[in-house]
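Here the protein sequences come in this chain order: A and B.
First residue of the first sequence? That's 0 in numbering that gives the first Met the number 0, and the numbers climb one at a time after it.
First residue of the second sequence? That's 0 in numbering that gives the first Met the number 0, and the numbers climb one at a time after it.
Take the hints with a grain of salt, since some may be wrong.
As the list claims (entries may be wrong) - For the chain A half of the interface with chain B, some residues (derived, Cβ under 8 Å), not all of them:
# : residue
1 : Lys1
2 : Ala71
3 : Arg79
Stated by the list, open to error - The following label-pair restraints were derived from C-beta to C-beta distances:
#  : chain 1 : residue 1 : chain 2 : residue 2 : range
4  : A       : Gly30     : B       : Gly129    : 45 to 51 Å
5  : B       : Gln52     : A       : Glu98     : 50 to 56 Å
6  : A       : Arg68     : B       : Gln166    : 19 to 25 Å
7  : A       : Gln9      : B       : Val215    : 39 to 45 Å
8  : B       : Ile84     : A       : Glu55     : 36 to 42 Å
9  : B       : Glu270    : A       : Gln9      : 46 to 52 Å
10 : A       : Glu35     : B       : Gln54     : 42 to 48 Å
As the list claims (entries may be wrong) - Computed footprint of chain B on chain A; a stretch qualifies when at least three of its residues, placed anywhere within it, have a C-beta under 8 Å from a C-beta of chain B:
#  : region
11 : 82-88
12 : 91-105
Everything labelled a hint here was simulated from the structure, so no lab data went into it.
All C-beta atoms in this analysis are idealised placements derived from N, C-alpha and C, irrespective of residue type, glycine included.
The lines below spell out each chain.
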Amino acid sequence: MKRIPIDKAQPGQILAEKLTRHDGVLLASQGAEITEGLLRMLARMNVDTVVIEEEESRTAEEVVEDFNRFTADLDSRFVRVEGQPILMALKKTMLFLAEKERDETLALISLPSDAETESAAAEAPPDSSSAPADKT
Amino acid sequence: MTSQQPIQDRVQVKRDIRKIKNLPTVPGIVAKISRMVENPETSASEVGRLISQDQVLSAKVLRMANSAFFGMSRKISSISQALVILGFEVVKGLVLTSSVFDMIQKSMAGLWEHSIGCAAASGAVATILGRADAEEILVAGLLHDLGKVVLALNLPDEMRLVVDKVQSGKVLFYEAEHQVLDFDHSELGQWLAEHWNLPDSLAEPMRLHHRPEKAVIKPECAAIVHIADVIVRAKGFGNAGDPLVPPISMAAWEMLGLRKTDFLPILEILEPKLSSLVDITSIN
Chain A
0 MKRIPIDKAQ PGQILAEKLT RHDGVLLASQ GAEITEGLLR MLARMNVDTV VIEEEESRTA
60 EEVVEDFNRF TADLDSRFVR VEGQPILMAL KKTMLFLAEK ERDETLALIS LPSDAETESA
120 AAEAPPDSSS APADKT
Chain B
0 MTSQQPIQDR VQVKRDIRKI KNLPTVPGIV AKISRMVENP ETSASEVGRL ISQDQVLSAK
60 VLRMANSAFF GMSRKISSIS QALVILGFEV VKGLVLTSSV FDMIQKSMAG LWEHSIGCAA
120 ASGAVATILG RADAEEILVA GLLHDLGKVV LALNLPDEMR LVVDKVQSGK VLFYEAEHQV
180 LDFDHSELGQ WLAEHWNLPD SLAEPMRLHH RPEKAVIKPE CAAIVHIADV IVRAKGFGNA
240 GDPLVPPISM AAWEMLGLRK TDFLPILEIL EPKLSSLVDI TSIN
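Please work from the sequences and hints to get the whole structure.
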């Protein structure tokens with residue numbers, strides 16, 4: 000999920016978190032689809048940001064490319080401290096997390112889905128916050 | 000590492016730090032709050048009333064108080080509530096941050112993101128260490144690089160030379176500062192902190208986040224901000240002036256009793272915070 004400013008929100012996006020007014024009153028629940036009407040109401044209520052479900056729009060190749068770019072960037076950032084064991088542990092941990100994210104994303108992409116069709120975004124998504132994917 | 004510099008690079012820019020004129024003035028409201036807080040008779044609601052008089056400021060402070068920084072389960076809806084929940088020092092730090100936000104943004108692209116990233120990382124490290132003062136340490140992380148703001152705004156020519164040096168090779172920003180000037184942003188930060196009468200808990204990490212082993216007032220705080228700075232640079236979040244991970248202070252690491260395996264939980268706390276903090280950058 001991703002928090003975005005209200006002016007970047009689009010009808011059709013899915014709320015990943017419930018929306019409340021500053022005083023706690025519920026405006027829209029988690030999983031609800033953003034509509035023009037909701038956006039107008041949020042503007043009136045001075046809500047500044049919403050948290051939306053992120054759709055994976057990248058292809059498997061792009062995910063791998065992004066990962067490779069990430070590791071190259073990581074190498075260039077660590078160039079001055081290659082000999083420091085503690086910082087090498089930090090780098091290794093960051094790589095581990097990035098690999099995990101890459102593999103989880105790849106698993107999601109390879110799942111049979113109708114993500115290709117335009118309507119996919121409008122449907123209520125499966126609970127993406129729990130476990131990566133039950134298909135191994 | 001530093002090779003011979005061409006003579007023309009060593010222009011007469013080295014100068015006495017005290018000769019810098021027109022330091023940014025301390026935001027009026029911060030000076031007022033400082034005076035109020037010094038008086039033991041002052042109550043939280045009096046300070047709250049003072050901050051609340053400035054609606055834009057209080058909105059900014061509340062927005063930060065309710066951001067992923069603190070991960071509050073309940074919404075903080077008033078300044079006086081923030082004072083009770085987060086404490087004087089933290090709210091003062093947030094007021095200060097809100098007041099210097101424009102300055103930070105104007106000084107250097109990406110410095111604000113580096114600052115909030117370092118704040119979130121400071122909070123994450125403090126949390127893993129089980130520290131009760133995690134919020135205060137977070138604010139110290141938020142303001143640690145104010146010296147760079149002074150450099151950018153007061154010494155623009157020198158700043159340009161420093162940036163050129165950084166771009167010419169694998170030079171850290173503070174190393175480039177030492178090559179161009181006789182001091183770096185940590186000393187500028189300290190000077191600003193004195194000028195503004197900031198509490199030692201904020202001033203010390205400003206001065207010593209690159210040399211945390213020298214800290215005496217709250218050494219753990221300077222050490223945590225130092226390590227947080229390293230982590231947020233490793234993440235490549237924001238811009239601290241150079242794209243490099245600086246060496247870590249072993250003394251700071253050992254003093255805190257951190258272990259290499261602590262990086263995983265620290266990064267797991269930090270990651271979601273960084274992505275949701277991006278939006279408080281549009282705080283204006």
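Going down the list of hints, with the structure as the test:
Hint on Lys1/A holds. Least Cβ distance to chain B is approximately 6 Å, under the 8 Å limit. Given hint, Ala71/A at the interface with chain B, is violated; its Cβ is 11 Å from that chain's nearest Cβ, farther than 8 Å. Interface restraint check for Arg79/A: the shortest CB-CB distance to chain B comes to about 5 Å, inside 8 Å, so the restraint holds. For the pair Gly30/A and Gly129/B, the beta carbons lie near 36 Å from each other, so the given range of 45 to 51 Å is not met.
At about 52 Å, the CB distance of Gln52/B to Glu98/A agrees with the hint of 50 to 56 Å. Taken as a hint, the range 19 to 25 Å holds for the pair Arg68/A and Gln166/B, whose Cβ atoms sit roughly 21 Å apart. For Gln9/A and Val215/B, the Cβ-Cβ distance of about 53 Å falls outside the hinted range of 39 to 45 Å, so the restraint is violated. In this structure the supplied range 36 to 42 Å holds for Ile84/B paired with Glu55/A, their Cβ-Cβ distance being about 38 Å.
At about 25 Å, the CB distance of Glu270/B to Gln9/A disagrees with the hint of 46 to 52 Å. For the hinted restraint 42 to 48 Å between Glu35/A and Gln54/B, the CB-CB distance of approximately 30 Å leaves it violated. With 5 residues having a Cβ less than 8 Å from any Cβ of chain B, the region 82-88 of chain A passes the three-residue criterion, so the hint holds. Requiring three or more residues with a Cβ within less than 8 Å of a Cβ of chain B, the coverage given for the region 91-105 of chain A holds, as 4 such residues are present.
Going down the numbered hints, you'll see the structure goes against 2, 4, 7, 9 and 10, while the others check out.
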